[in-house]
Amino acid sequence: MGLLSSSVSINRYYVEGKIEAPVLDTVKKGLVKHSFREKEDEPSNKNAGWTSFNNHFNPNFNGSSFVIDELFVFSLRLDKKSVSQKIIRKFVFIETAKRLEESGRGYLTANEKKEVKEQVTDALFLRMPAVPNVYDVVWNYEKSMLWFFSNNKSANEELEILFSASFNQSLIKIFPYSEADILLGLTDKERDRLSLLSPSKFAG
Amino acid sequence: MLDVSLTYYRYGFLGSEFLTWLWFYIVNTDHDKLFDNKNEILEIGNKIVLERKVNDAVEKVTIKGKGAGLEEGILSLKKGAVVKELNLLYRKEEKEWSFTLTGENLSLSNLKTPDIGFIKTKKDVEGFVVEKIFLYDSLYLLIDGLYKKFIKLRVSSGWINVVSEMNKWITS
Numbered sequence: 681m682g683l684l685s686s687s688v689s690i691n692r693y694y695v696e697g698k699i700e701a702p703v704l705d706t707v708k709k710g711l712v713k714h715s716f717r718e719k720e721d722e723p724s725n726k727n728a729g730w731t732s733f734n735n736h737f738n739p740n741f742n743g744s745s746f747v748i749d750e751l752f753v754f755s756l757r758l759d760k761k762s763v764s765q766k767i768i769r770k771f772v773f774i775e776t777a778k779r780l781e782e783s784g785r786g787y788l789t790a791n792e793k794k795e796v797k798e799q800v801t802d803a804l805f806l807r808m809p810a811v812p813n814v815y816d817v818v819w820n821y822e823k824s825m826l827w828f829f830s831n832n833k834s835a836n837e838e839l840e841i842l843f844s845a846s847f848n849q850s851l852i853k854i855f856p857y858s859e860a861d862i863l864l865g866l867t868d869k870e871r872d873r874l875s876l877l878s879p880s881k882f883a884g
Numbered sequence: 014m015l016d017v018s019l020t021y022y023r024y025g026f027l028g029s030e031f032l033t034w035l036w037f038y039i040v041n042t043d044h045d046k047l048f049d050n051k052n053e054i055l056e057i058g059n060k061i062v063l064e065r066k067v068n069d070a071v072e073k074v075t076i077k078g079k080g081a082g083l084e085e086g087i088l089s090l091k092k093g094a095v096v097k098e099l100n101l102l103y104r105k106e107e108k109e110w111s112f113t114l115t116g117e118n119l120s121l122s123n124l125k126t127p128d129i130g131f132i133k134t135k136k137d138v139e140g141f142v143v144e145k146i147f148l149y150d151s152l153y154l155l156i157d158g159l160y161k162k163f164i165k166l167r168v169s170s171g172w173i174n175v176v177s178e179m180n181k182w183i184t185s
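Residue numbers (this note's numbering), protein chains in the order written: chain A, 681 to 884; chain B, 14 to 185.
Please note: incorrect hints may appear among the correct ones.
Claimed, not checked - Straight-line C-alpha distance at most 25 Å; calculated DSS-like pairs for lysine-lysine: (1) A/K708 x B/K136; (2) A/K708 x B/K145; (3) B/K165 x A/K869; (4) A/K881 x B/K66; (5) A/K853 x B/K145; (6) A/K853 x B/K165; (7) B/K136 x A/K853; (8) A/K823 x B/K145; (9) A/K853 x B/K97; (10) A/K881 x B/K145.
Worth flagging that the hints you see were computed from the coordinates, not collected in a lab.
Extracted from the complex, chain B is given alone in its bound form (with noise of 0.2 Å):
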């Protein structure tokens, strides 16, 4: 059985782990090769959390704004920071879903689903319950697998090649 509190804490650098690699996935692959479908779009969004352990002090860097990012952020890799929250924008087809992720417990917060209109009588109430689910699930589709496909390389053999990678990205 599941030691909930054990793990919790001795593997949390899984999520920060995910969330680096998930920036490090977005900018360095393709659009083409992220989906199948290629109205399919992920995109990094307006907020990144980092923090970078000193000593025994935790150093936090919040950066927000449109194209966050990118050179702060990569400063703060650099000095061996990793990624706490990622804001990301996934698009598929005309639908647009913004979200921020958390990496100690895979959280979802600011979650904007494409629009569904207005609840105009409590008839329409089912109704758009059942949109909503529909629409957050198609979003926890996506993450589930993008989750997958870093656990699967992060317990196989080619992870050290990832990070040799990650570290080219971080450090040109």
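Excised from the complex, chain A in its bound form (with noise of 0.2 Å):
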């Protein structure tokens, strides 16, 4: 869901620590490193990398073109393939009957089994186009806040994995206690009842 569109869901993130001066180039090496690169030969069922906001399938981070208005404004992708267990159980039917034929025997071991499916599925991921997702980020560096459009659980979980690798620094995720505690600027005395808490009964 792009920042763009008529509706959008927005998970907040705050980056913990500085990255390394000069912060454009470090961020376009971050970007550059893991950007999307297509695996259409790998039978793998995700792939995910960063994009160029205004060109999800084909990234150019080429100068300033992620900054926008001081901020960083790029996509993540994640293609995904899959293959329905239907379809799966089908070839596997088909292969082992093949197989069984050729042995002369009336039985495949555990082993065998368990290769059949594994060469089945691959070859059926193999076969398979990955499906596109795009997923726009907006980074405001200054502010040490991350915007992700997207309240996908995997989606946010790839986005945490991929920015820990692309710029060696961790997203922490804002909810409630996190938002409390980082962003509200509260004082010692208040961070210290907050992490007394405990649930209030309104009714009931």
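Take the two lone chains and join them into the complex the hints point to.
Below, the structure written as structure tokens:
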């Protein structure tokens, strides 16, 4: 879901620490090193990388193309392949029958069954085109704040992993406690009280 | 250093309490007192999701529709439910934002900002991004301000009075 869409979802992250100067070059290197690369000839069911905000299918981070109004704006592309279990079962059945006929035996060992399933699954994933998903990212470096335009759990997990690998910084998800602890500027006394809180009962 | 996995669950109740308090705060506070600017309005939108734990089971109630709310929701609150998701409408001068705030992680969904027109050429994109970001930022200013107000109350000795007032509202 894109930041320019008519309806969006946003998750916020706090970026812990500062990155190596010059910042623009370091960010660019991280984006280029982990930019999205097509891997249609591999059987893996998932492929992730950074891509350009304005060109999802041809990442280009030349110059300051990922900078808009002092913000870093780019996208996470997460391609996924999926094959229905029913299709896998069908081809496992066909391949099993073929092997039994070739071997003249009446059964396959547990290892052979496992091997058949793996081979069939790999072959099917190789033939299956991946479905591209693109999620926009806005990183306000000065405020150490990052907006990710999706609430999808696996996309958020992929963002956290890829961000850490690209920029050597951790993302701390903003949720009720972390917002109170990090963003609200509470006094030490208030933060102590916060850590001692337990649920209130309003009625019932 | 913040232990995210521990605090996410240990203090998960803060998000639900915030949304429950926010509902109470919106319907029991004069618009004039909610904002300094008289042209700002915050209203309950078209969806409220409540949750109540009954022994080991979780009972979820979703109320949809204009003026969501209000009776069925209060009934759930009376039984001890808390708000998990709240759809809100925010108006400032001529602009209107509608969005759903989730208590668990304070994430936004179904967020619609004021209309900024259509992109006609590639050159327009950058300007549109800047404007959209400004509109998202304006909303976060509101949410963070309200959450700060709640947390300041929540850690103060005055919270017990707030709970009492909320109890009166729910049971009245």
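We went through each hint and held it up to the structure:
no.	hint	in the structure
1	A/K708 x B/K136	holds, 22 Å
2	A/K708 x B/K145	holds, 24 Å
3	B/K165 x A/K869	holds, 11 Å
4	A/K881 x B/K66	holds, 12 Å
5	A/K853 x B/K145	holds, 22 Å
6	A/K853 x B/K165	holds, 21 Å
7	B/K136 x A/K853	violated, 33 Å
8	A/K823 x B/K145	holds, 18 Å
9	A/K853 x B/K97	holds, 18 Å
10	A/K881 x B/K145	violated, 39 Å
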